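Colleague: So the sequences go chain by chain: A and B.
Going by the numbering used here, the first sequence opens with residue 95, and the numbers climb by one from there.
Going by the numbering used here, the second sequence opens with residue 886, and the numbers climb by one from there.
Keep in mind that a hint or two might mislead.
What follows is a set of in silico ranges between Cβ atoms, one per label pair, in the way DEER data are often shown [to be verified]:
1. B:R1076 <-> A:M95: 36 to 44 Å
2. B:R1112 <-> A:R290: 42 to 50 Å
3. B:T895 <-> A:G219: 55 to 63 Å
4. A:M95 <-> B:M991: 44 to 52 Å
5. A:S120 <-> B:T920: 34 to 42 Å
Covered stretches of chain A (in silico footprint by chain B; criterion: 3 or more residues with CB under 8 Å from a CB of chain B, positions within the stretch not fixed) [stated by the list, open to error]:
6. 165 to 173
7. 254 to 265
To be clear, the hints were calculated from the coordinates, so they are not data collected in a lab.
These numbers come from a predicted model, not from an experiment.
Positions of the beta carbon are idealized from the N, C-alpha and C atoms, including for glycine.
Spelled out from the first residue to the last, the chains are:
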Amino acid sequence: MRVGIFADLHANREALEACLRHARHSRVERFVFLGDLVGYGADPGWVLDTVIDLAGQGALAVLGNHDAALLNGPERTMSEDAQAVVAWSRARVTPAQREFLAGLPLSRESDGSLYVHANAWKPGGWEYVATTAEARRSLDATRCHCTFCGHLHVAALYHQGAVERVAEFTPVAGVGIPLGVHHRWLAVMGAVGQSRDGNPAASYAVHDTARRELIFHRVPFDVESAARKILEAGLPARFAARLATGV
Amino acid sequence: MGAARESPATGRSLDGFTLEEQVHAGGESAIWRVTREGLRLPMVMKLPTPQDLDEAGPVVGFEVEQMIMPRLSGPHVPRFIAAGEVDGQPYLVMECIPGASLDVRMGVAPLSPEEVAGIGARVAAALHDLHRQHVIHLDVTPANVLFREGGDAVLIDFGRARHDQIPDLMVEVLTRETGTDAYSSPEQVFRVRNDPRSDVFSLGVIMYELVTGALPFGGAPGSTGFRRRLYAEPDPPRGLNAACPDWLQEIILRCLETDPARRYASAAQLAFALQNPGQVVLTGRAESTGRAGFLSAAGRWLRYAVSGPSAAGTVPWPPNAVPIIMVAVDISAGEEVVAAELRHAAQRICRSERSARLTCVTVRETPPIMVDSDTSVNGESLRMQHLTELIRWARPLELPVELLSFHVLDAPDPAAALVAYARANDVEHIVIGARGSFPKRSPIGGVSARVAAESPCTVTVVRTMEADRHPGGGDGAGVDA
Chain A
95 MRVGIFADLH
105 ANREALEACL
115 RHARHSRVER
125 FVFLGDLVGY
135 GADPGWVLDT
145 VIDLAGQGAL
155 AVLGNHDAAL
165 LNGPERTMSE
175 DAQAVVAWSR
185 ARVTPAQREF
195 LAGLPLSRES
205 DGSLYVHANA
215 WKPGGWEYVA
225 TTAEARRSLD
235 ATRCHCTFCG
245 HLHVAALYHQ
255 GAVERVAEFT
265 PVAGVGIPLG
275 VHHRWLAVMG
285 AVGQSRDGNP
295 AASYAVHDTA
305 RRELIFHRVP
315 FDVESAARKI
325 LEAGLPARFA
335 ARLATGV
Chain B
886 MGAARESPAT
896 GRSLDGFTLE
906 EQVHAGGESA
916 IWRVTREGLR
926 LPMVMKLPTP
936 QDLDEAGPVV
946 GFEVEQMIMP
956 RLSGPHVPRF
966 IAAGEVDGQP
976 YLVMECIPGA
986 SLDVRMGVAP
996 LSPEEVAGIG
1006 ARVAAALHDL
1016 HRQHVIHLDV
1026 TPANVLFREG
1036 GDAVLIDFGR
1046 ARHDQIPDLM
1056 VEVLTRETGT
1066 DAYSSPEQVF
1076 RVRNDPRSDV
1086 FSLGVIMYEL
1096 VTGALPFGGA
1106 PGSTGFRRRL
1116 YAEPDPPRGL
1126 NAACPDWLQE
1136 IILRCLETDP
1146 ARRYASAAQL
1156 AFALQNPGQV
1166 VLTGRAESTG
1176 RAGFLSAAGR
1186 WLRYAVSGPS
1196 AAGTVPWPPN
1206 AVPIIMVAVD
1216 ISAGEEVVAA
1226 ELRHAAQRIC
1236 RSERSARLTC
1246 VTVRETPPIM
1256 VDSDTSVNGE
1266 SLRMQHLTEL
1276 IRWARPLELP
1286 VELLSFHVLD
1296 APDPAAALVA
1306 YARANDVEHI
1316 VIGARGSFPK
1326 RSPIGGVSAR
1336 VAAESPCTVT
1346 VVRTMEADRH
1356 PGGGDGAGVD
1366 A
């Protein structure tokens, strides 16, 4: 089965539309959303409705920290600007959308893969996997062959073999990576809605479970429209500006 | 795993392949000749030996090979057929390359310098092809080099290789002593696995051994001498075999530099040198017949230690970052304007491609019958005249001499000669003048148009503004293309 994996959508309609179009073109059969459906962007309603619709057709989704903040109030560690967007988004979601978010689990397991927003050792603690030590900690916390997470907004692939040492790899867009059975894998997804690796294009990945192959994709989208809507909504201007630079 | 594993035996079937005969049993794997209904190609199956299946190193190496081989193609690797695992028994099936490995030739070393250069050039071409496919071999040894009947070198055993676009599983298991042997580069001792010039070093060791019969830095890890490769200069080949010419010693010792930055920047540049001995710029390396003193050895190590075994940003990767660029110059009278424009174009390219090698080529059109026979004094002096003109053309470029070379091709068909030259020398980019029609305009199409159409690489056709003003007037590429 070809599984499309999408993390950190962040209410960016243009980016999500472009990624979904790309995924359908890549014959993706199942959609998985790794959380942070809202926050930063100006289209929380459209993005939530789209994910709700796909979930009705079998898509999986887990909760992200921005989603949790919308439900329960912002975390203390969140920047003031990010808190402002959470408050703005909260005022705009419908009860049905809110109910959908409230029903999301922190993690899901399916076919030997673990899907979680931040990490496997404490999904609701929102600590990042940004180093091999953290990757090791996350891999130690699950028996799944593959873990998929987001949260960091920068793609990375960690692998661990029989000797247990964990090594990191920076994925090359569009190149299929064989996920061998003798290794365990932890893929940190780049963000759909707010890139932070210097390339403004949206990120998502396709996991072909039959061929045991993972492909990270980069998808260009209408950055100008997404940025303009953020400004028009009166949201912090730096969230519009960073869409164009991808940092 | 492994308890239920059946040991391989003649007649046994594995995933549709029938094991016919074991042709090789090595320390880490066994090679079986296999057949499969419907497949005519002679094939071999590689199976890791059972005792190694429970050790992390060789199994990871096998997995690495299973990951990399399906991604490789072309004449310089065995064709990949299948890879998989049945009941805990991993396997890999590939085309069988008949004939002996270079290891066998090593038994009769020293070989003649011409043979060594010929073998070296073929292996270098194979390595360049591999590097262009994003793979560094990192285990270039005589046993891992085979040859096709047509002469092409074939590289086998990718168990230590690195593909720069997929995860490097070896980093999980490498220690300082694994993954290195007598042919390993100094940087591999530090587990640096992202430099294609490591393969250039290993080929240098092979050529050294072919021409002297001895290894330049001792044998396996742990043995006396192994670590000498980190700091010591090898005994110059000419001290061991007086028949080794200065140019070949220059080439070999350059490959064996401790600091990768002092080696050939790419395997293609090495192949070029081996195929064009007359163009090799001789330095102090070419002369000596005795080992360098302690101070020189210390300097060699220090230079490397300062620049670092993995100084970021200095690795010429992918190999087309250090291209061979060919400028086809028409030096005949009346073509001066185009020749000057061509020089400007070459200058622009060399400014942005700092380690590019520029090869300046001109064609002396000869009637077909004269190609092989024009060795008269008059013919030779005309050749020299062409060469002098070519060197004069290049002088304003002010390029360092080691990045420049000059060739006069004698050929009845200039376009075909230029394309053949580009192909033989792994030229990455051809720069040619639109009206530079190599002495006479060919009746079957402008030379530049044909070169642009038939070359295996990027071609820049340089036009003068003047040529632009007469779009219908010439018979250069603008019209023919």
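Colleague: Checking each numbered hint in turn, tell me which of them this model violates, lowest number first.
Modeller: 6
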